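*Asks:* For reference, the chains in residue letters:
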Amino acid sequence: MSSAPAIACVDVVKTYEEGRIRALSGMSLHVEPAEFVAVVGPSGCGKSTLLHLIAALDRPDGGEIHVAGHDLARERNLDHYRARHVGMIFQLHNLLPTLNALENVQVPMFELGIRASSRRERARHLLALVGLAERERNRPAELSGGERQRVAIARALANEPSVLLADEPTGSLDSEAGRVVLDLLERVRADRETTLVLVTHDGTVAARADRIVRMLDGRVDELPPTRPMARPATAVAST
Amino acid sequence: MTFVSLVFRNLFRQRMRTVLTVVGISVGIAIVVALGAITGGLKDTAGAMLREGGADFMVARKGSADLTFSTVSEQEWAAVASTEGVERATGVLLHVTRHGSNAFFPLLGIRPAQLGEGPPELVAGRLLATGATDEVMLGESGAADTKSAPGSLVTIDGKPLRVVGIFRSENVFYDSGGYAPLATVQRLARKPGVVTAVYVAAADGTDPARLASAIENAFPDLTTVASVGEYGKVDQGIQVMDALNLAVSVLAVALGAIAVMNTMIMAVFERTREFGILRAVGWRGSRIMRLVLTEALFLCLVAAALGAVFGVLATRGVMLIEEIRSFLEPTYSPDVFLRAVLIAAGVGLVGALYPAYRAVRLSPMEALRHE
Numbered sequence: 001m002s003s004a005p006a007i008a009c010v011d012v013v014k015t016y017e018e019g020r021i022r023a024l025s026g027m028s029l030h031v032e033p034a035e036f037v038a039v040v041g042p043s044g045c046g047k048s049t050l051l052h053l054i055a056a057l058d059r060p061d062g063g064e065i066h067v068a069g070h071d072l073a074r075e076r077n078l079d080h081y082r083a084r085h086v087g088m089i090f091q092l093h094n095l096l097p098t099l100n101a102l103e104n105v106q107v108p109m110f111e112l113g114i115r116a117s118s119r120r121e122r123a124r125h126l127l128a129l130v131g132l133a134e135r136e137r138n139r140p141a142e143l144s145g146g147e148r149q150r151v152a153i154a155r156a157l158a159n160e161p162s163v164l165l166a167d168e169p170t171g172s173l174d175s176e177a178g179r180v181v182l183d184l185l186e187r188v189r190a191d192r193e194t195t196l197v198l199v200t201h202d203g204t205v206a207a208r209a210d211r212i213v214r215m216l217d218g219r220v221d222e223l224p225p226t227r228p229m230a231r232p233a234t235a236v237a238s239t
Numbered sequence: 001m002t003f004v005s006l007v008f009r010n011l012f013r014q015r016m017r018t019v020l021t022v023v024g025i026s027v028g029i030a031i032v033v034a035l036g037a038i039t040g041g042l043k044d045t046a047g048a049m050l051r052e053g054g055a056d057f058m059v060a061r062k063g064s065a066d067l068t069f070s071t072v073s074e075q076e077w078a079a080v081a082s083t084e085g086v087e088r089a090t091g092v093l094l095h096v097t098r099h100g101s102n103a104f105f106p107l108l109g110i111r112p113a114q115l116g117e118g119p120p121e122l123v124a125g126r127l128l129a130t131g132a133t134d135e136v137m138l139g140e141s142g143a144a145d146t147k148s149a150p151g152s153l154v155t156i157d158g159k160p161l162r163v164v165g166i167f168r169s170e171n172v173f174y175d176s177g178g179y180a181p182l183a184t185v186q187r188l189a190r191k192p193g194v195v196t197a198v199y200v201a202a203a204d205g206t207d208p209a210r211l212a213s214a215i216e217n218a219f220p221d222l223t224t225v226a227s228v229g230e231y232g233k234v235d236q237g238i239q240v241m242d243a244l245n246l247a248v249s250v251l252a253v254a255l256g257a258i259a260v261m262n263t264m265i266m267a268v269f270e271r272t273r274e275f276g277i278l279r280a281v282g283w284r285g286s287r288i289m290r291l292v293l294t295e296a297l298f299l300c301l302v303a304a305a306l307g308a309v310f311g312v313l314a315t316r317g318v319m320l321i322e323e324i325r326s327f328l329e330p331t332y333s334p335d336v337f338l339r340a341v342l343i344a345a346g347v348g349l350v351g352a353l354y355p356a357y358r359a360v361r362l363s364p365m366e367a368l369r370h371e
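Residue numbers (our numbering), protein chains in the order written: chain A, 1 to 239; chain B, 1 to 371.
It is worth saying that the hints were derived from the structure and are not from the lab.
A quick note: this is a predicted structure, and the numbers were derived from the prediction, not measured.
For glycine and all other residues, C-beta sits at the position ideal for the given N, C-alpha and C.
Heads up, some of the hints might be wrong.
[Unchecked claim] Partial list, computed: chain B residues near chain A (C-beta under 7 Å):
id	residue
1	Val4
2	Arg9
3	Pro208
4	Glu270
5	Thr272
6	Ala280
7	Val281
8	Gly282
9	Leu293
10	Arg361
[Unchecked claim] Partial list, computed: chain B residues near chain A (C-beta under 7 Å):
id	residue
11	Arg358
12	Leu362
13	Pro364
[What the hints assert, rightly or not] What follows is a list of derived Cβ distance ranges for each label pair:
id	chain 1	residue 1	chain 2	residue 2	range
14	A	Leu112	B	Leu342	33 to 41 Å
15	B	Thr2	A	Ala4	33 to 41 Å
16	B	Leu342	A	Ser144	46 to 54 Å
If we strip away everything but chain A, and leave its shape as in the complex, we get (with noise of 0.2 Å):
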């Protein structure tokens, strides 16, 4: 390997209600920078568990997660690994409802300590990006499904995260706006060398990815990549 992965989680255990429910059981995934990484499995198997792992909005009963060169055991300031490295786009858009477009974007800005017109201008910026230039002042009561899943996305971009952690983002979209928003994620991806996990139940979703991890059980049941790739696949299964 030429380099370090940009994600790296070695055996990691996640339960809930006293270790009744086990959710991770040692799971582990290498993941190369600037790859597309598609996880996939049944309801339950621990996707969206492992996803807001990496993204440190909780923390693993066991194993190490590294991401970024952070140790995210170790990492003392979650917060600031959450604003500068990943950007995570949900399901549910999870937009502040009271804001409009423009002002959703700029709010992870907020942590970089610039000014306000700065925000204003990189936030227009993104929603450009992803085709909602003329939408800035709509609050996404007023937006669509995919367009306000379009302001999410530009809102995980907002810090400049080297990763991007996409929570079936796509599943509450119809299949045209879904596409849309896959393009724009590729896109993004391609153009930023952005690393991303995207975490999916639809086979046409992950079937674009560099490589797809299956999961079963809180483990990773690798299938082989879907599509030729630059890079070797490095997620192994669980011991």
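Assemble the complex: chain A is given as a structure, and chain B must be docked to it using the hints.
*Replies:* Chain B alone, transformed into the frame defined by chain A:
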């Protein structure tokens, strides 16, 4: 979008709740402002009494609950006057009675000869004549109330007195009252041989503080008052007002804090998921805490401004009552409003601390799961 505009946006989500909270807190602040202004006015009156005739300090009966209850015998007065270092000792008997429409008409009994030693500002007529027994000088507002002028005859406590002069005083209490010969006032007040207080001016080269101390040592039953801060030695009215003011302030803080806490807890609870989103996009817990605290602080500062306006309007309303207007002029000093602002800020911070803690206590994931 700035941090402050985000604060505004959040406050205007539940307009009615915000407005009701602001009104609730502002009522408490209004009471604090009104009481502060009234207490300030009373202190000004007390201060004016202390400076009567250009005196350095006042001597009165120790432990009097109210200055009007103080009695200093003429023998004590004479002894004080003969104390080494005393330049001038002016005995004054304060008799508060009804006159005209004024239920608290202050009639000051003074020896006419001594009135000239530190005379009030005369605007018409003359001072009391030495040896006179049936003369009175009225303050401008007191004279206006009874439509009196030099030469008029007024009756006070059944005693006809000839108005010989009109004086002006910056103090509304004195301006609504009058001066009459001491012997006359002693008869009207049924207090023969006593005065309320003795106003002492120290001789050149004598330290007034040392002189006051010497008088207190020589007359254990008397006390000296040189400043408003010492006024409680001879009149507990201001102390009572100060205590009332403090009690109301504490209550205002407590009730206001509960109102703010209630509002902010509801707001935080409703926005739990949003706080999860903010955490998910990298907002520090401290920034979210600052957001909640700033919202509460802003709420309370608006309430402070509104409460200050209500407080001034309330005191102006009270001043429409003739009997109160005759002896009290509220003082709107900066510290009254500063205290209102500080109380409001305290209310905001105390009330919002727990909600703010609650807002950042949950992990981002727990907050995001909140429905």
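*Asks:* Quick one, is the B:Thr272 hint okay against chain A at 7 Å, beta carbons?
*Replies:* With a closest approach of 13 Å, the B:Thr272 hint is violated.
*Asks:* Any CB of chain A closer than 7 Å to the CB of B:Arg9?
*Replies:* Check passed: Cβ of B:Arg9 comes within 6 Å of chain A, closer than 7 Å.
*Asks:* Hint B:Ala280 vs chain A: min CB-CB distance below 7 Å?
*Replies:* holds, 6 Å
*Asks:* Take the C-beta atom of B:Thr2 and the C-beta atom of A:Ala4, compute their distance, and say whether it sits inside 33 to 41 Å.
*Replies:* For B:Thr2 and A:Ala4 the Cβ distance comes to about 38 Å; the hint holds.
*Asks:* Does the interface hint hold: is B:Leu362 within less than 7 Å of chain A, judged Cβ to Cβ?
*Replies:* violated, 11 Å
*Asks:* Given B:Pro208 as an interface hint, is the shortest Cβ-Cβ distance to chain A below 7 Å?
*Replies:* violated, 60 Å
*Asks:* Under 7 Å is the threshold here; is the Cβ of B:Val4 close enough to any Cβ of chain A for the hint to stand?
*Replies:* violated, 10 Å
*Asks:* Would you check whether B:Val281 satisfies its interface hint, that is, whether its CB is within less than 7 Å of any CB in chain A?
*Replies:* holds, 4 Å
*Asks:* Would you check whether B:Glu270 satisfies its interface hint, that is, whether its CB is within less than 7 Å of any CB in chain A?
*Replies:* Hint violated; B:Glu270 Cβ to chain A Cβ min 11 Å, cut 7 Å.
*Asks:* Is the shortest C-beta separation between B:Pro364 and chain A less than 7 Å?
*Replies:* holds, 4 Å
*Asks:* Is the interface hint satisfied for B:Gly282? The criterion is a beta-carbon contact with chain A at less than 7 Å.
*Replies:* B:Gly282 check passes; min Cβ-Cβ to chain A is 2 Å, inside 7 Å.
*Asks:* Within 33 to 41 Å or not, the Cβ separation of A:Leu112 and B:Leu342?
*Replies:* holds, 35 Å
Hints 1, 3, 4, 5, 9, 10, 11, 12 from the earlier list are contradicted by this structure; the remaining hints agree with it.
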